[in-house]
Amino acid sequence: MKAMIRVVLPQHLQTLARVGSEVTLQLDRPVTQRAILDALEAQCPVLRGAIRDYATGKRRAFIRFFACEEDLSHESPDAPLPEAVATGAEPFLIVGALAGG
Amino acid sequence: MSGVRVLVGTRKGAFVLMADGSRKTWDVSGPHFGGWEVYHVKGSPVDPNRIYASQSSSWFGQIIQRSSDGGKTWEVPGGEKMPEPTDPPGSVSNKFVYDTSAGTGRPLTTHQWYDGTQHPWEFKRVWHLEPSLSDPDIVYAGVEDAALFRSTDGGRSWHELAGLRGHGSGPQWAPGAGGLCLHTILLDPANRNRMYVAISSAGAFRTDDGAKTWKPINRGLHSQYIPDPDAEIGHCVHRIAMHRSRPNVLFMQKHWDVMRTENAGDSWREVSGNLPTDFGFVIEVHAHEPDTIYVVPIKSDSEHYPPDGKLRVYRSRSGGHEWEALTNGLPQRDCYVNVLRDAMAVDALDPCGVYFGTTGGQVYASADAGNTWEPIVRDLPAVLSVEVQTLR
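If you read the sequences in order, they're chains A and B. Taking my numbering, I'd label the letters of the first sequence as residues 1 to 101. Taking my numbering, I'd label the letters of the second sequence as residues 1001 to 1392.
To be clear, the hints were calculated from the coordinates, so they are not data collected in a lab. Errors might be hidden in some of the hints.
Said to hold, decoys possible - Listed next, the stretches of chain B that the computed footprint assigns to chain A, with coverage defined by at least 3 CB atoms under 8 Å from CB atoms of chain A:
no., segment
1, 1055-1062
2, 1093-1101
To be verified - Over the 12 Å line for every Cβ pair with chain B, so calculated as not near, a few chain A residues:
no., residue
3, Arg18
4, Gly20
5, Leu27
6, Asp28
7, Ala35
8, Asp53
9, Arg60
10, Asp71
11, Pro77
12, Pro80
13, Glu83
14, Thr87
15, Leu93
Stated by the list, open to error - The calculated PhoX-like cross-link candidates involving lysine-lysine, where the alpha carbons are at most 20 Å apart (straight line), are:
no., chain 1, residue 1, chain 2, residue 2
16, B, Lys1310, A, Lys58
17, B, Lys1072, B, Lys1095
18, B, Lys1299, B, Lys1310
19, B, Lys1024, B, Lys1095
20, B, Lys1012, B, Lys1072
21, A, Lys58, B, Lys1012
Positions of the beta carbon are idealized from the N, C-alpha and C atoms, including for glycine.
Generate coordinates for the entire structure from the input sequences, incorporating the hints supplied.
What follows is the structure, given as structure tokens:
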């Protein structure tokens, strides 16, 4: 049975992808950052390059990943995410770092 | 009925300003892409409804936007779907990756950093978009860190023209205050194989073989801020302008010095003449008078505002040397804005219209070749670029 994942996007990426604040994804387990981002980009191709750098494939410097009140930005992209994210009880938050502007 | 469309890129979005040929009453639309930096917006000379915009953000990277209806609606070309297996390799929207492939690319060098050490090449944003003179689906992009890219499918995919970076002088290229940016692209209307680019701070380059190979064209430039003031590479060229009827004659605003060449950049001579300061960013040529040029002198080092708090456009009707201040309608006290390198343009009506935007958010227009000025808008975000389309 596939996991139902809730992903919350920052406002500018909602506008870019023409979606609401929360995007729902169906994923096989284990649910990881990489699996979520691959599925998100497949569903919203315009987000390719906006979260992960094209050249390196890594999280862009001013993007953070939060879930279950934890900062998961520096976790391995292939590490399983908390069960509450995998069950959809808690969303996976993609956040623009607070960096002025 | 003729008209004018002014395309304005700002720190917080793009704006489209429209007027009929009288250029008296303006309709303002925007912000488009609000909250994003829009370094440049430019329309195709072949199809005026085709407009490209460079939208970027330190958070979310580089987005290319395209309009097919004169800026009313926008789309990210190629952003609507994942590439199909049958699509050509590299058919990925917004992907600007330096070409290091064996077939067409060049190994990435390092470039010089501010402190003189070497620094890795990193893509940051598109500074300038230059649509082709003959095909609305072909567009060139000048990027930071400096390189030249081209799209032949309407901005859907981008490929580096690696011959420029492959010139071999990359380790001597250094960033200016705004970064290591390729900010000027001039296409020769008389010779489709000839193109000019300018890079801060490397200098000007020319190709005569359709961007396969490039040569630096900086002889005659003199810059005290590099170890050898007359070096082939290292000059901080701010902007180059050309009149399409005379493509071998170029005018340059350098980081100090206004320059002119009559031989496609093989040699330059200074034409700063009686300017109050020969530092500035913009330079533009009158649409109908190839020897009438405009600059906005700016005080430097690092102040980067008009001398004496007076915003003055200077016009030369003799291709340089002799300059007159144009002040009618421009603030002549307490003005401390800047006019950035891509923020001046002309229309092709008669009399020629001249437009420029400031970091204070004003866009000024003159419908009489600079004799008098009026603000179209006063309170936009800081203006990064101004382009004009003449609609007939």
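Status of each hint after checking the structure:
1. 1055-1062: Answer holds; 6 residues pass the 8 Å Cβ test.
2. 1093-1101: With 6 residues close enough to chain A, the hint holds.
3. Arg18: violated (10 Å)
4. Gly20: holds (18 Å)
5. Leu27: holds (17 Å)
6. Asp28: For A/Asp28, whose nearest Cβ neighbour in chain B is about 18 Å away, the distance exceeds 12 Å, so it holds.
7. Ala35: At roughly 16 Å from the nearest Cβ of chain B, A/Ala35 sits farther out than 12 Å, so the non-interface label holds.
8. Asp53: violated (7 Å)
9. Arg60: violated (6 Å)
10. Asp71: holds (16 Å)
11. Pro77: holds (18 Å)
12. Pro80: holds (25 Å)
13. Glu83: The claim holds: A/Glu83 sits with its nearest Cβ about 29 Å from chain B, beyond 12 Å.
14. Thr87: holds (27 Å)
15. Leu93: holds (14 Å)
16. B/Lys1310 <-> A/Lys58: Violated, at roughly 48 Å.
17. B/Lys1072 <-> B/Lys1095: Violated, at about 25 Å.
18. B/Lys1299 <-> B/Lys1310: holds (11 Å)
19. B/Lys1024 <-> B/Lys1095: violated (41 Å)
20. B/Lys1012 <-> B/Lys1072: Distance ~18 Å between B/Lys1012 and B/Lys1072 Cα, so the pair holds.
21. A/Lys58 <-> B/Lys1012: Not satisfied, since the Cα-Cα distance of roughly 26 Å exceeds 20 Å.
Hints 3, 8, 9, 16, 17, 19 and 21 from the list above are not met by this structure, while the remaining hints are.
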